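Whole structure, please, built from the sequences with the hints as guidance.
Protein chains: 2
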Amino acid sequence: MRRGRLLESTLENIGTLDRQAMAQARRRMDELLKPPGSLGVLEDIAVRLAGIVRRPFPAIGGKCVILMAGDHGVVEEGVSAAPQEVTRQMMPRFVDGTAGIGVLARHVDARLVVVDIGVAGPVVSEGVVVKKIRPGTGNIARGPAMTEDEALQAVEAGIELAACEIDRGADLLAAGDMGIGNTTPSSAILCVMAGVQPAEAVGRGTMVDDEVLDRKRRVVARALEVNRPDPSRPLDVLAKVGGLEIAGLAGVMLGAAARRVPLLLDGFITGASALIARALCPRLNDFMFASHLSQEKAHRRMLAALGLKPILDLDLRLGEGTGAALAMPIVEAAAKILSEMATFTEAAVSDIKRSDKK
Amino acid sequence: MRRGRLLESTLENIGTLDRQAMAQARRRMDELLKPPGSLGVLEDIAVRLAGIVRRPFPAIGGKCVILMAGDHGVVEEGVSAAPQEVTRQMMPRFVDGTAGIGVLARHVDARLVVVDIGVAGPVVSEGVVVKKIRPGTGNIARGPAMTEDEALQAVEAGIELAACEIDRGADLLAAGDMGIGNTTPSSAILCVMAGVQPAEAVGRGTMVDDEVLDRKRRVVARALEVNRPDPSRPLDVLAKVGGLEIAGLAGVMLGAAARRVPLLLDGFITGASALIARALCPRLNDFMFASHLSQEKAHRRMLAALGLKPILDLDLRLGEGTGAALAMPIVEAAAKILSEMATFTEAAVSDIKRSDKK
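Quick mapping for you: the protein sequence lines, in order, are chains V and Y. The opening residue of the first sequence carries number 1 in my numbering; numbering runs sequentially from there. The opening residue of the second sequence carries number 1 in my numbering; numbering runs sequentially from there.
Hint data in this document are derived by calculation from the structure and do not stem from the laboratory. Small disclaimer: the values here were computed from a predicted structure and weren't measured. Be aware that a few hints might be false.
Copies of the same chain are indistinguishable here, so a pair counts whether it falls within one copy or spans any two.
Derived pair list, reagent style DSSO-like, types lysine-lysine, alpha-carbon separation capped at 30 Å [unchecked claim]: (1) Lys309 with Lys297; (2) Lys336 with Lys297; (3) Lys336 with Lys309.
So, in structure tokens, the structure goes:
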């Protein structure tokens, strides 16, 4: 297939929410054995799920967390407290289930797919899906992260992976990231795509102190100056100040939406992917849920830019898809409310809405 | 057993958090394959669980939602949009699993125990645990809800039920309520126990309009005036302006704490129970988690009075234990993080905390 064709056809396949299924779901929701609106956010999630899957009774069977890992040339600027090798060292731990996301994916009964899309150095782990576009990005403080062709390859790898997991039975996806240094390109993307200044867009990421925080802000400012990414061309932004896992996860989001499968964002890095993916297809937002509000300072600003409200607020900042995994049972619960609760009529209970006020 | 002896011995048996187990859990938490603190609220929950169960690796096996139902004489003042008969009509729906809590308890794999502790009229359902102290309370706008002896009986019934479920294997409990009109006594309790004015303590409950809201405020003010409950005597407060399910659930909380089993509060009504229970034993707080922040306006004030931070904020206002059930997987996840994640050393990953800043 001609490079770029998969992305084009995917974008064409992303439709709109099914308003009829949503209206049916909302009607049923209001007839259920509870005061209308009393299940709050759960009701909204359920109705949107109906619109995504085009059925008034959405059911969630298979769940899958797609974790993409990549490295970042910008770490040579000293923007991260952890050494780059940690990205590669974590891969076997993701596979054997002893990392945070392993525990939580198992807990919520989700399959965990670990993808090397751009880890520095050779592939080290069995059980890793290898889609390595290149072994880490270039240093965005001095030049582009990658070529636009590489960014496109990473996005299309993500689309393919989403399709593959959906074919295997996933009907709820979660996006997860790993990559030492990846809050720096994510902040740069937030600056470009939402017109935020580096001082606001850059946070502490993992354990950086005041000195490093300051340096990180200067590095993001320099990356924008050196590369001059064009916000009207999302692939240009990805190539110039993005990351391979960020690009890949943008592809996962697009691929899921094209197949009408709901997807849960995780935190700050997957939010950056979403900013890119949504710029490629504004309708994308309807197919995604923000799982949580991260401890990373600028995440609130990012979610506002995305127009998404977080389901959870647990002060997380681990990444890996951990927040997204934790929100999966909530999304499932919403779907079950619609399909498993009785209505007032079915239950022979006096309908609160129709009773006389005394 | 002499009436009151069970309550006394239960209060005596409520201990303090095990600081040593908590320190061990915190140490392990900080060694796990993640930046310290990056799992936010999950880390705090896990450490507190360790202190409750006195083991550095708390494990949660059996889960149980105890739902107590009772009616309220005060509905004759017109403080509720729904007719009183709904409480009784819901009982078979709780038992057959088609009410909201049925769906959610099943979803989180929790046993649901449905208790008639004071529903108006005769017992109607199979599968209901009958601990009926009386068929509904008196109208608190005109006199006491019940006698102090009845309040004590209800509390002790709750203690016994908690013990019974713990004996059956529950090691995480959730409190749920059902009772048309029960936001009114709950608001009254908030006024008495936290010094809040009726205007602030009374919210809309289920679907009440401005006129009813206004009436509800006057009714609460009148209930306080007529009954003059004594905040230094929690059983007096229960008897004068409480409810049977509110009293029973206070007992469940005390019973769980005495057996060192963590308990999840639900919303506004279980919060009122907690205000009473905590007044009986200030150490109780350490053994409880607030599952969510309710849509009911004064719940925020109530949680502040309790000194508990909600895990979820999903705009719920159904009661029945639905919020508590939804938070159960989060509490379980916290426990699993401690016991199933590897440490940096075990995983042979460069410890972020020990690496040189570059």
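So, going through the hints one by one against the coordinates:
For a Cα distance limit of 30 Å, the shortest separation of lysine 309 from lysine 297 qualifies both inside one copy, at 16 Å, and across copies, at 20 Å. Only between protomers do lysine 336 and lysine 297 lie at most 30 Å apart by alpha-carbon distance; the minimum there is 27 Å, versus 34 Å within a single protomer. Taking identical chains as interchangeable, the C-alpha atoms of lysine 336 and lysine 309 lie at most 30 Å apart whether they share a chain (21 Å) or sit on different chains (27 Å).
Hint violations for this structure: none, all hints satisfied.
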